[in-house]
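Produce the complete structure using the sequences and hints provided.
Chains as they are written, first to last, in the UniProt record's numbering: chain A, 1 to 402; chain B, 1 to 402.
Warning: the hint list may mix true and false statements.
A pair holds if it fits inside one copy or across any two, identical chains being indistinguishable in the list.
In silico EDC-like links for lysine to aspartate or glutamate, alpha-carbon gap of 20 Å or less [what the hints assert, rightly or not]:
(1) Lys368 with Asp315
(2) Lys392 with Asp315
(3) Lys65 with Asp335
(4) Lys62 with Asp333
(5) Lys260 with Asp201
(6) Lys359 with Glu124
(7) Lys62 with Asp335
I should point out that these hints are in silico values taken from the structure, not numbers from a laboratory.
There are 2 protein chains.
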Amino acid sequence: MQMTSKDSINITAFTWPAGFDSDSTHAGLKEEQDDMGWIYSEVPASAAGVYTTNQFQAAPTKLTKQTINLKHQLQAVVMNSGNANSCNGAQGQTDALKMQALSADKLKIGKDLVAVASTGVIGEPLPMDKIEAGISQLHLSQSAGITKAILTTDTHPKTITVKCLIDNQPVTLTGFCKGSGMIHPNMATMLGFVTTDAAIDGQQLQSMLSTTVDETFNQITVDGDTSTNDMVMVMANGVAGNEPLTESSEDYPTFVKAFKLVLTHLAQEIAGDGEGASKLVEVNVTGAFNHLEGQQVAKAIVGSNLVKAMIFGADANWGRVMQAIGQTTAHVDIDGVSVSINGMQMVANSIATGIEDAKVSASLKNSKVVIDVDLNAGSAEGTAWGCDLTYKYVQINASYRS
Amino acid sequence: MQMTSKDSINITAFTWPAGFDSDSTHAGLKEEQDDMGWIYSEVPASAAGVYTTNQFQAAPTKLTKQTINLKHQLQAVVMNSGNANSCNGAQGQTDALKMQALSADKLKIGKDLVAVASTGVIGEPLPMDKIEAGISQLHLSQSAGITKAILTTDTHPKTITVKCLIDNQPVTLTGFCKGSGMIHPNMATMLGFVTTDAAIDGQQLQSMLSTTVDETFNQITVDGDTSTNDMVMVMANGVAGNEPLTESSEDYPTFVKAFKLVLTHLAQEIAGDGEGASKLVEVNVTGAFNHLEGQQVAKAIVGSNLVKAMIFGADANWGRVMQAIGQTTAHVDIDGVSVSINGMQMVANSIATGIEDAKVSASLKNSKVVIDVDLNAGSAEGTAWGCDLTYKYVQINASYRS
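Given below as structure tokens:
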């Protein structure tokens, strides 16, 4: 994407926004790679978060939610991969609190300004000796190592840096996330972080985050399973020097647009890097009765194991798309549905157009597959992203711990 | 299972109930095996059905529902595999009607006494020349060929014959079904048929069927996908000579028990023969707030791709069971959940018991896996059945049509 004159949003090479530092280290939770790290803002930043709806919310997720809800401010986030610190009972809570306190001490800031995020195996106690040693090894730098250190089954880091002008000040937004399996967010997915030097009130940030997550992270699915540790978090430290943004600010729409660009990119990155995935799948629904139903149908199609396996096999078996639409409760013109795959219309008025299957099937070998559906039941739309279901997904999850 | 003195229900070798005939033939819808057939009762039988909730109900499913709803009577059911006659628009309806009429003519009975069931690929017109030739080849016999002729990706026929005494008359119930993929019933699953020579009113039969399906077919899942052609149907022709059963009949509980045994067996058979499955998985939930929530949690666990893949890999990663419980909206004592796998308790009070993983993992290599969960939130229960997620599931569905 290139900068456009209209909204002046520009994607650039990875860089931290002004006033942010980071670092990562190998604490020994994973065998070789870095598995711990933090991000730090020179000044307390406005903060917002959305958290998993799984009833077994992990200890760090709970603690971070409590911390952010205090006054929507954070100055640091400490993270680890290799262990989710989930389903560990009271010990898990103690360990999350200790991880928070140790980081606050080392950074010489208040505990209430430190969030904690953990990801990895559920139900194994956090090895606190390793965590403690890890924190003692962390410093402050401009390194992007943390974007690798939080990965689990991901095949690559997922990052984006976006620049725009807000109130005539150059503002940077940098987002990164991890997530590959147990992805079917219902409020947030896995770990996602956005840092920005823009000035904006914490409550305003929270409201913007919640709205944008519904259109981005909540519209991806890998396997229909919701993690206990999902969380998306934003920190805005105001170092850019703009007038604090409110909904009435002239440049608020630009900032929202830049923010949505960051979250959309990260969400698509997670979908395309789903466990074992060989293809990114995008489903666009039009003609929906309302937006919610458009979103519901798009997610149902992209989440169907049968659709996902058919895409892996490059078999343009559109009946499975119909099957996935039909099992939702959305309004559907039963005799008026259209389905196109990679721009080729296979279904009109709910029956086959007679287009040559082989042509469509061949196009399913591309690394991105787009399915367009018109429900003919209204004028609303919806979009969702996912991936194909492959042998490798099964392999990864049949032997996750070994 | 053996006959018990209390309720006198006995499982026997396959046989049709008195007054029922059947036949099957190769009509050419599939390459080699029989792909058409019918069942026929010498006299009109009480009939009941439950049908898919998928919005794109296939033409034969719609027609059968209409036919049964007329007066809850049927004398024959004609069936084919290899083509679902689904998403074929007006032509699909015409073809289903023709299949009904041709069968009625050949059997010399009214069209309104003939149900139609099709299963196979969605969205390809039914080849009516083959259907017509097939019907002309069908006769009446005691053959069980139909139980093979309706299979698609199933690896073996699924049948059960049960005998019991009702009103001092020997009564037989014979059920058969097909189903392997696109299995996540929400009213009924794939095709299931029960025939019995018991005398019972059609409305009574309908009510008994609807209740029992909720505890059996609706509690299995293979891939979370609901077919457009799902249907379970019962015919009771009264040839056994018992006084027509009502809820106040002394032997009504015995009949219901026998009927539930038939449906439970068939439902488990489908789950264990799920596409690519190597194991049957049973989940028993206790301590649920109410029965509905018990059923919901059991089905969520058995339906989780991550749990299914872990069972395939024989990895006793109980965190995934917790994850699946937590993503439901059921009441859960967050700090009081127990989980046992194959009788070995891995979780107490929502944390690890410390039992040796290796022992549990080894037991996951058995062909049946039982997961017991206590939610500690009430005294209700729930059960569901499913299968593991294997490479073969992906293979089958990546190349279903080729």
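Now for the hints, and whether the structure bears them out:
{"no.": "1", "hint": "Lys368 with Asp315", "verdict": "within (14 Å within a copy, 32 Å between copies)"}
{"no.": "2", "hint": "Lys392 with Asp315", "verdict": "both (18 Å within a copy, 16 Å between copies)"}
{"no.": "3", "hint": "Lys65 with Asp335", "verdict": "between (47 Å within a copy, 19 Å between copies)"}
{"no.": "4", "hint": "Lys62 with Asp333", "verdict": "between (43 Å within a copy, 17 Å between copies)"}
{"no.": "5", "hint": "Lys260 with Asp201", "verdict": "within (18 Å within a copy, 61 Å between copies)"}
{"no.": "6", "hint": "Lys359 with Glu124", "verdict": "between (49 Å within a copy, 17 Å between copies)"}
{"no.": "7", "hint": "Lys62 with Asp335", "verdict": "between (47 Å within a copy, 14 Å between copies)"}
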